[in-house]
Each structure stands twice: as C-alpha cells, then as structure tokens.
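Enquirer: Sequence:
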Amino acid sequence: MKLFKLSLAAVVAAGALSSVSAAPLEEAIKDIDVSGFGRYRFQSTDRKPADAQKSRDTFHRFTLDVNFKATLDDNFFSVIGLRYDTRDIVGSHNKANSGITNTHGGLSGVNGGWGGSGADSFSVRQYYVGYTAIPYTTVLFGRQTAGTFFTDDIVATGLKVAINPVEGLTLAGLFYTNMENDGDLANIPFGDAGNAFIHQKNLWGAAAIYQNEFLDLQAWYAGLNKVANLFAISAGVDYAISDYESVRGKAQWAHTNLTNKFKENYGKVAWADGAAVNSNFLGFGLGASFYGFDLDAGYLNYGEKDKISLHTLEDAGSLIKPGEELLDYTVFIGKHNVWFGTAAYTYNAYSIGVDYVNDKAKHTIGDIKADEWVVRAGYKYNDKLSFKAWYSMVAEKAGDVKDKSDRFRFDARYKF
21 MKLFKLSLAA VVAAGALSSV SAAPLEEAIK DIDVSGFGRY RFQSTDRKPA DAQKSRDTFH
81 RFTLDVNFKA TLDDNFFSVI GLRYDTRDIV GSHNKANSGI TNTHGGLSGV NGGWGGSGAD
141 SFSVRQYYVG YTAIPYTTVL FGRQTAGTFF TDDIVATGLK VAINPVEGLT LAGLFYTNME
201 NDGDLANIPF GDAGNAFIHQ KNLWGAAAIY QNEFLDLQAW YAGLNKVANL FAISAGVDYA
261 ISDYESVRGK AQWAHTNLTN KFKENYGKVA WADGAAVNSN FLGFGLGASF YGFDLDAGYL
321 NYGEKDKISL HTLEDAGSLI KPGEELLDYT VFIGKHNVWF GTAAYTYNAY SIGVDYVNDK
381 AKHTIGDIKA DEWVVRAGYK YNDKLSFKAW YSMVAEKAGD VKDKSDRFRF DARYKF
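Okay, so the sequence shown: first residue is 21 according to the numbering used here, each after it adds one.
These aren't lab readings, by the way, just hints derived from the structure by calculation. The reader is advised that the hints may include incorrect statements.
[As the list claims (entries may be wrong)] Below, computed lysine-lysine pairings styled on DSS-like, alpha-carbon distance capped at 27 Å:
| id | residue 1 | residue 2 |
| --- | --- | --- |
| 1 | K327 | K424 |
| 2 | K417 | K327 |
| 3 | K325 | K424 |
| 4 | K246 | K327 |
| 5 | K417 | K382 |
| 6 | K417 | K341 |
| 7 | K281 | K327 |
| 8 | K246 | K325 |
| 9 | K281 | K355 |
| 10 | K74 | K380 |
| 11 | K417 | K389 |
Given the sequences, and given the hints that come with them, work out the whole structure.
Expert: Here it is in structure tokens:
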C-alpha cells in the first residue's frame, strides 16, 4: 500500500468526484491511498455427464483491481475502484461466447465482461463517499462491496452505516437499490415472464457483530424486495493453547423465508406452484491446529425434500462451505445432509491439503449421493505474492446414473 501526493492517482480519483468545498485541490485532497491486487488464473473443467456429451472449458484469466482512497478533509473520504478483466479461451470450446458489455444500468457489466481470445472488460467497479464526523460511526454512500453475510465480494449501490460503540462491537445497517450481476449471483427469475432477477431488487439489512481474540459472534438479517427475508446466526470460537497448538469451533443457523409473491411467480416461470419453499440451515464444525497441521470436520443440514430454495444471494456468503464445487447455497433442490473433513500441513512458506465432502440429497424419485475430493497446494513467497492450486473431483449418483466433473485451478496473486 502506497501514498501519493497529488500524483496521477490523485488526478484520477479527484476527476470523478464533486468538490466538497471551494478550497484548492491541493488542500481538499490530503493524500491518496492506493491498494488492490493483480491475479493470473488458469482453469480447466471437464464434465462427464452420463446422458450427454463430454465437455471441456479451459481458459487463462488476468484480473487487475485497483482502489484509490482520497481523504477530502477531516470528515470525508472517497473511494474509486477500477477493474480490468481479461479471459483467453484455450483451444476449442463448447460454449458460445457471450461477448462483453459494460452497461451499468443494473450493473450487468461490472466484473462480468468475459469474452473470447483477446477480449477484455474495463469498468469502474466502485465509487463511494465516506463520512466519519459522527462519533463511533462511519457512513458509506455509493457503489461499494455489499459486505453482508449472504454475499461474497459482490458490489451494490446504496447506503451502509456502521457504528462501533465499544471495542469489538459493530452495529450495521444497509440499503442497496441495485446489485452487480456476476456469475456467482443466484439466477432465480422473478415475474411471469422470467425477465427480472435478484440483482434488480432492493436489498436492505441489519447486523450485530462482536469479535475479539477468541470469539466471533454475528447476527444478520437481510430483506430482498418481494423475494425473501434471510436470517443468520453464527458463533465461532478460536482458542490458542500455546504458540503451536489451538482449537476452534463454529455453529451456524440460517433461515430463508420466501415471500408469497415470489413463490407464486416462481411457480409460473419454473416448476409447478409450491416448488419454492422456506428452508433452514444448520452447520457445525470443529478443528485443531498443531505443529503445522490443521484438521477440521463438520456436519451441514439444509433444504426440503423435492423443493427448491436458497440461503445465500451470491456464492457461499459466510456459511460454512467445505470443498470447492459440490455445495451450492444460492440455488439447491432437495433435503441435504453433508459430512465433511479437511486436513492440511504447512511448512514455512509451503502448504498442502485435502478436503472430502459427502452430500446426500433426498428426493421422492430416489436419493442423490455425491462426493467431492479436493487436493490443494500453496506457496507464499512473501506477504504480497502467493501461489495457490487445487484440483476438485466430483462424482454424483442417482440410481444407476453417474455424473462426474473435474476442475483444476491455479492462481498467482500479488497484493499491493
């Protein structure tokens, strides 16, 4: 992270913001803080469905994410985040190339411009203003990382307020009028024609979070206009026995209450009425670390038999999620019972590990059994540069029908 005094970075940040006073630029902007990352990714996926043709998707991808934070005066700061994203497909591929769009009416192009060989996407991913004059309070307004329990790194446009009355305690409220439509967002249609989606809905929420050296306690609520009310409670503990030994545990409960309006309309565009239902999630995990070894195991239970529901809006959010490819909390069908275990070993800058996930989903026509093995390796050159790779193998069986898929991913990431 570097500071620049009235550099090119300052010009870029200041050019997109209105002046907060009549003061000269040199006085209005005290400094510019630049942070972000550059990442190279190689990914290859093989799908082997029992009743369809085998397929392979392989690509190179480079992502550059740069954020400029400008201190405007003692009470205001602003952030502009730029993202460049390029993807080059390797060899022949079976999927049509959708091209690139940077249209921000609905944020459809933010972090979504994946094209073919030589194609790329450039967008202003974030732009928001922060206000800190109120004691113990930070107010953020504009396009920013949503930062909810039910999302991962998705950005949204709106207002976020965080209050820290005592050390370790955060009370937060948020209201967003639009969300980024990226590939990890739940593509659940809404409306008779199926032409309105989750990212086009208002999202609001509130949270109470307490964190210290040992505890991580969180209570969350989020409402998605005319779609769902989401609730979550998470309790985690991490206790260091010595410099080389520690134990940890986590318990989570989540509930999704779909609105009657959503259930009615979803039945019209997808399945019969009654297919979309409320759902409960229960998750438990225990772990220990000792002399470079990390061992974890746990159990998850969610969903309803033969029904469809969701517990997160994008990716896995903050729910316990072992493995890489098998589990999906944005759209799932059936009653799921999941057992998992992970093991890893770290020596100096090197790490290796393995995950195992077993999922049984109950259906009237027969249970679906699925397993995932993930092998991992990593190398941390320093605090800024790291390399990670994993290989996932998923096998699903419904009766005598077997589906298989493999995915390999390699990431080289530099933080600044």
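Enquirer: A separate judgement is required for each hint: does it hold in the structure or not?
Expert: A quick look at each hint next to the structure:
Of the supplied pair hints, the one linking K327 and K424 holds, its CA atoms being roughly 24 Å apart against a limit of 27 Å. The suggested pairing of K417 with K327 holds, with an alpha-carbon distance near 19 Å, which does not exceed 27 Å. Using a Cα cut-off of 27 Å, the hinted pair K325 and K424 holds, with the two alpha carbons roughly 23 Å apart. Note on K246 and K327: the hinted pairing holds, with a Cα-Cα distance of about 19 Å set against a maximum of 27 Å.
With a C-alpha separation of about 12 Å, the suggested pair K417 and K382 falls inside the 27 Å cut-off, and the hint holds. Annotation: proposed proximity of K417 to K341 holds, straight-line Cα distance about 21 Å (limit 27 Å). At roughly 17 Å between alpha-carbon atoms, K281 and K327 fall within 27 Å of each other, so this suggested pair holds. Between K246 and K325, the direct Cα distance comes to roughly 24 Å. Compliance with the 27 Å bound is thereby established for this hinted pair.
Between the alpha carbons of K281 and K355 the distance comes to roughly 23 Å, so the proposed pair stays at or under 27 Å and holds. Distance check on the hinted pair: K74 and K380 sit about 24 Å apart at the alpha-carbon level, within 27 Å; holds. This hinted pair checks out: K417 and K389 have alpha carbons roughly 5 Å apart, not beyond 27 Å.
Violation of the numbered hints given earlier is absent; every hint is satisfied by the structure.
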